[in-house]
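Engineer: Whenever a hint applies, use it, and build me the whole structure from the sequences.
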Amino acid sequence: MKTAALTQNRRTRRAHRLSSAERGILNDAPAQRTSIDLAAVPPYLRDEWEHFKGYGWSDHRTAERLGIQPDTVNKWAQRLSERIARLEELARQQAEAQALEALAGDEAAHAGGAHLAVNAQAIAC
1 MKTAALTQNR
11 RTRRAHRLSS
21 AERGILNDAP
31 AQRTSIDLAA
41 VPPYLRDEWE
51 HFKGYGWSDH
61 RTAERLGIQP
71 DTVNKWAQRL
81 SERIARLEEL
91 ARQQAEAQAL
101 EALAGDEAAH
111 AGGAHLAVNA
121 QAIAC
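Here this note's numbering is used: the first residue of the sequence shown is 1, the next is one more, and so on.
Accuracy of the hints is not assured; some may be wrong.
[What the hints assert, rightly or not] What follows is a set of in silico ranges between Cβ atoms, one per label pair, in the way DEER data are often shown:
no., residue 1, residue 2, range
1, Arg-61, Ala-39, 19 to 25 Å
2, Leu-18, Arg-79, 45 to 51 Å
3, Tyr-44, Ala-91, 24 to 30 Å
4, Glu-89, Ser-20, 51 to 57 Å
5, Arg-61, Gln-98, 22 to 28 Å
6, Asp-71, Ala-99, 40 to 46 Å
Calculated from the structure, these hints are not laboratory results.
All residues carry an ideal CB built from backbone N, CA and C; glycine is no exception.
Structural biologist: If you want it as C-alpha coordinates, here you go:
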(Lines of atoms letter the chains of each structure in order from A; the text may use other names.)
(Lines give C-alpha, C1' and ligand atoms only; values in the text may rest on other atoms or scores of the structure.)
Protein backbone atom coordinates (compact mmCIF):
# COMPACT_ATOMS: atom_id res chain seq x y z
CA MET A 1 0.00 0.00 0.00
CA LYS A 2 1.14 3.49 -0.68
CA THR A 3 1.92 5.97 2.07
CA ALA A 4 -1.00 8.20 1.14
CA ALA A 5 -3.44 5.30 1.47
CA LEU A 6 -2.03 4.34 4.88
CA THR A 7 -2.32 7.93 6.11
CA GLN A 8 -5.91 8.07 4.88
CA ASN A 9 -6.74 4.82 6.69
CA ARG A 10 -5.32 6.18 9.93
CA ARG A 11 -7.37 9.38 9.62
CA THR A 12 -10.53 7.41 8.88
CA ARG A 13 -10.00 5.07 11.82
CA ARG A 14 -9.32 8.03 14.10
CA ALA A 15 -12.49 9.78 12.91
CA HIS A 16 -14.59 6.68 13.53
CA ARG A 17 -13.31 6.11 17.06
CA LEU A 18 -15.82 6.50 19.82
CA SER A 19 -15.33 8.61 22.88
CA SER A 20 -15.21 6.83 26.23
CA ALA A 21 -18.76 8.03 26.99
CA GLU A 22 -20.01 6.61 23.69
CA ARG A 23 -18.23 3.33 24.32
CA GLY A 24 -19.82 3.17 27.76
CA ILE A 25 -23.26 3.48 26.21
CA LEU A 26 -22.58 0.77 23.66
CA ASN A 27 -20.69 -1.55 26.00
CA ASP A 28 -23.09 -1.74 28.91
CA ALA A 29 -22.22 -4.51 31.28
CA PRO A 30 -23.72 -7.77 30.11
CA ALA A 31 -26.73 -8.96 32.02
CA GLN A 32 -25.51 -10.86 35.05
CA ARG A 33 -26.77 -14.39 35.15
CA THR A 34 -27.57 -15.60 38.58
CA SER A 35 -25.32 -18.34 39.75
CA ILE A 36 -26.72 -21.48 41.30
CA ASP A 37 -26.35 -21.89 45.03
CA LEU A 38 -23.30 -23.89 46.06
CA ALA A 39 -25.53 -26.15 48.16
CA ALA A 40 -27.11 -27.36 44.90
CA VAL A 41 -23.79 -28.75 43.69
CA PRO A 42 -23.24 -32.37 44.77
CA PRO A 43 -20.66 -32.72 47.56
CA TYR A 44 -18.24 -34.74 45.43
CA LEU A 45 -17.94 -31.81 42.97
CA ARG A 46 -18.23 -28.90 45.37
CA ASP A 47 -14.47 -28.27 45.85
CA GLU A 48 -13.73 -28.27 42.13
CA TRP A 49 -16.82 -26.14 41.43
CA GLU A 50 -15.67 -23.56 44.01
CA HIS A 51 -12.18 -23.61 42.52
CA PHE A 52 -13.35 -22.67 39.02
CA LYS A 53 -16.01 -20.24 40.25
CA GLY A 54 -13.20 -18.50 42.15
CA TYR A 55 -11.81 -17.44 38.78
CA GLY A 56 -15.14 -15.81 37.95
CA TRP A 57 -16.27 -18.53 35.57
CA SER A 58 -19.94 -18.82 34.75
CA ASP A 59 -21.92 -21.89 35.75
CA HIS A 60 -22.07 -22.93 32.11
CA ARG A 61 -18.30 -22.70 31.63
CA THR A 62 -17.58 -24.43 34.94
CA ALA A 63 -19.96 -27.27 34.08
CA GLU A 64 -18.38 -27.59 30.64
CA ARG A 65 -14.89 -27.73 32.16
CA LEU A 66 -15.98 -30.46 34.60
CA GLY A 67 -17.69 -32.42 31.83
CA ILE A 68 -21.21 -31.86 33.13
CA GLN A 69 -24.19 -31.24 30.85
CA PRO A 70 -25.75 -27.76 31.34
CA ASP A 71 -29.22 -29.26 31.82
CA THR A 72 -27.81 -31.29 34.72
CA VAL A 73 -26.87 -28.02 36.46
CA ASN A 74 -30.43 -26.80 35.95
CA LYS A 75 -31.72 -30.04 37.52
CA TRP A 76 -29.46 -29.46 40.53
CA ALA A 77 -30.95 -26.01 41.06
CA GLN A 78 -34.48 -27.38 40.74
CA ARG A 79 -33.77 -30.20 43.19
CA LEU A 80 -32.32 -27.73 45.68
CA SER A 81 -35.45 -25.60 45.59
CA GLU A 82 -37.58 -28.73 46.08
CA ARG A 83 -35.33 -29.82 48.98
CA ILE A 84 -35.64 -26.40 50.62
CA ALA A 85 -39.44 -26.51 50.26
CA ARG A 86 -39.53 -29.99 51.86
CA LEU A 87 -37.32 -28.86 54.75
CA GLU A 88 -39.48 -25.77 55.35
CA GLU A 89 -42.62 -27.94 55.37
CA LEU A 90 -40.99 -30.40 57.79
CA ALA A 91 -39.92 -27.56 60.10
CA ARG A 92 -43.46 -26.15 60.03
CA GLN A 93 -44.93 -29.57 60.87
CA GLN A 94 -42.47 -30.06 63.74
CA ALA A 95 -43.28 -26.61 65.14
CA GLU A 96 -47.01 -27.42 65.01
CA ALA A 97 -46.42 -30.78 66.73
CA GLN A 98 -44.37 -29.14 69.49
CA ALA A 99 -47.06 -26.50 69.99
CA LEU A 100 -49.71 -29.22 70.29
CA GLU A 101 -47.55 -31.18 72.75
CA ALA A 102 -46.98 -28.08 74.84
CA LEU A 103 -50.71 -27.33 74.81
CA ALA A 104 -51.54 -30.94 75.78
CA GLY A 105 -48.88 -30.81 78.51
CA ASP A 106 -50.34 -27.60 79.96
CA GLU A 107 -53.84 -29.08 80.01
CA ALA A 108 -52.56 -32.25 81.69
CA ALA A 109 -50.69 -30.21 84.30
CA HIS A 110 -53.77 -28.16 85.07
CA ALA A 111 -55.96 -31.25 85.26
CA GLY A 112 -53.41 -33.12 87.39
CA GLY A 113 -53.01 -30.13 89.70
CA ALA A 114 -56.76 -29.97 90.27
CA HIS A 115 -56.88 -33.66 91.15
CA LEU A 116 -54.02 -33.24 93.59
CA ALA A 117 -55.82 -30.41 95.33
CA VAL A 118 -59.02 -32.48 95.60
CA ASN A 119 -57.03 -35.47 96.92
CA ALA A 120 -55.28 -33.27 99.50
CA GLN A 121 -58.62 -31.97 100.71
CA ALA A 122 -60.05 -35.49 100.92
CA ILE A 123 -57.06 -36.70 102.94
CA ALA A 124 -57.25 -33.71 105.25
CA CYS A 125 -60.87 -34.46 106.08
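Engineer: Kindly indicate which numbered hints from before are broken by the structure, ordering the numbers from low to high.
Structural biologist: 5
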